[in-house]
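Chain G is fixed; fit chain S onto it per the hints.
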Amino acid sequence: MTDTTDTGTGGTGRCDEIQPRLSEFVDGDLEMAARASVDAHVRDCARCSALVQDLNRIRQAARSLGPVDPPAHVWLEIAGQIHQSAPEAAGSPRRSPGAAERWQWIGLAAALLVSTAGAYLYVHRGRQAPAAATAVSTATTASVDAFTDELTQAMTHYEKAIGQLETLTKGQDGALDPLVAATLQKNLTTIDDAIAESRTALTRDPASVPARDSLLDALQRKVSVLQETVALMNEIRKGDQAGAARAVSGLGRQS
Amino acid sequence: MDHGDLALAERCRTGATGAFEELYRAHAPRLFGLCCRLVGRTEAEDLLQEVFLSAHRKIGQYRGDSALGTWLFRLATNLCVDHLRSKSSRWGRMTDALPDDPIGVTTTAGGVVGVVDRLDLERALATLPEGCRTVFVLHDVEGLEHHEIGTLLGIADGTSKSQLHKARLRLREALAAPRPVVSS
Chain G
0 MTDTTDTGTG GTGRCDEIQP RLSEFVDGDL EMAARASVDA HVRDCARCSA LVQDLNRIRQ
60 AARSLGPVDP PAHVWLEIAG QIHQSAPEAA GSPRRSPGAA ERWQWIGLAA ALLVSTAGAY
120 LYVHRGRQAP AAATAVSTAT TASVDAFTDE LTQAMTHYEK AIGQLETLTK GQDGALDPLV
180 AATLQKNLTT IDDAIAESRT ALTRDPASVP ARDSLLDALQ RKVSVLQETV ALMNEIRKGD
240 QAGAARAVSG LGRQS
Chain S
0 MDHGDLALAE RCRTGATGAF EELYRAHAPR LFGLCCRLVG RTEAEDLLQE VFLSAHRKIG
60 QYRGDSALGT WLFRLATNLC VDHLRSKSSR WGRMTDALPD DPIGVTTTAG GVVGVVDRLD
120 LERALATLPE GCRTVFVLHD VEGLEHHEIG TLLGIADGTS KSQLHKARLR LREALAAPRP
180 VVSS
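Going down the list, the sequences are from chains G and S.
Sequential numbering from 0 applies to the first sequence in numbering that gives the first Met the number 0.
Sequential numbering from 0 applies to the second sequence in numbering that gives the first Met the number 0.
Isolated chain G, as found in the complex (with noise of 0.2 angstroms):
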């Protein structure tokens, strides 16, 4: 490390009277006899010239950090609070279903239940043979076509119940608000790609016990956004804004 002496007016006393004006010096806030002294003081001393210049790059560097996207499920939690709270908009028309039409979307959402959370139950019987077997990643071979029948059915289940889910949904989505409705289309693509990248691995090694696990959670994962979709388009449909706030608060929390 070189020691540069400062040649320039008054030496390192002087040093220390101008360093703490360097940043009122490179931000032009100096009245003009200040700054004048200042400046011939960093003309001629060269640990106060290379202050001022880091001073500058970092100033423009910070002009530099711009705003900063939130995530998605930020909207959709407020817009739930604020559903909550906020009155009736005068003249907005609310539908109030039959009875005949509340029945059967409450009985359609409570059949998936059942059909989903037998799902469930079957996977989490199906994942404990491999987790109890051995502490390594893939099934030994004499259980690899078992593992590999017990995902296929696990599968089905999962993927009748998202069908049913995705029937009621896309029938009925112009229930929604439009940009809640866009960030749940959002926050499915996220988990289709996840889906998609799972099975690519499985495909690759059918045994990988990370990559059935990680299928089986996105696909868990789809059935509760479409769940809770469901369940906020039951609510207002039956004019429940508190209801319709909880549905969009638990949505934001699957993304």
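Per label pair, the in silico range of CB-to-CB distance: (1) G/189 x S/41: 18 to 24 angstroms; (2) G/212 x S/9: 47 to 53 angstroms; (3) G/191 x S/62: 46 to 52 angstroms; (4) S/3 x G/62: 22 to 28 angstroms; (5) S/45 x G/16: 41 to 47 angstroms; (6) S/56 x G/16: 46 to 52 angstroms; (7) S/86 x G/38: 37 to 43 angstroms; (8) S/86 x G/148: 51 to 57 angstroms; (9) S/118 x G/151: 40 to 46 angstroms.
Non-contacting residues of chain S with respect to chain G, defined by C-beta distances greater than 10 angstroms in every case (computed): (10) 82; (11) 150; (12) 153; (13) 154.
Derived from the structure by calculation, the hints contain no laboratory data.
For glycine and all other residues, C-beta sits at the position ideal for the given N, C-alpha and C.
For chain S alone, kept in the frame of chain G given last:
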């Protein structure tokens, strides 16, 4: 007076469909950046929600004396500062004094900070003490003047200037490029 801001505020106040969402989309990224840099990413999401829920409650108070973005910015800054104050007893000890040992002063010729990478700066910013970090973010990132910072934070202009200088010196130290080894 921006009539567009007044019109949007009125639509938000009356609960017009999509109005508050429009407000959120227009201003959330800037405010989230502010919250992240002042309180850290972990707490920034909750604070951003508080900002907009508070704005929703208070939108009827907006009179158009400033831009709507400025009004929201002040709201967000106050909430962040209150949050920092509630967490830290050190906040109240922000003074004019600089540390006894000048931080990062080098005896070498030439600067020690090379081209500053944005991510490096964000990381270095997170290591600063809360008081000088807040002043740096408000002045150098957000472009506020010292008298505005003084009003927001309840400090003197001189304190704001010295805290800014302290922040920059600490960042300089954190961002200093590795120095070449000189063989004897």
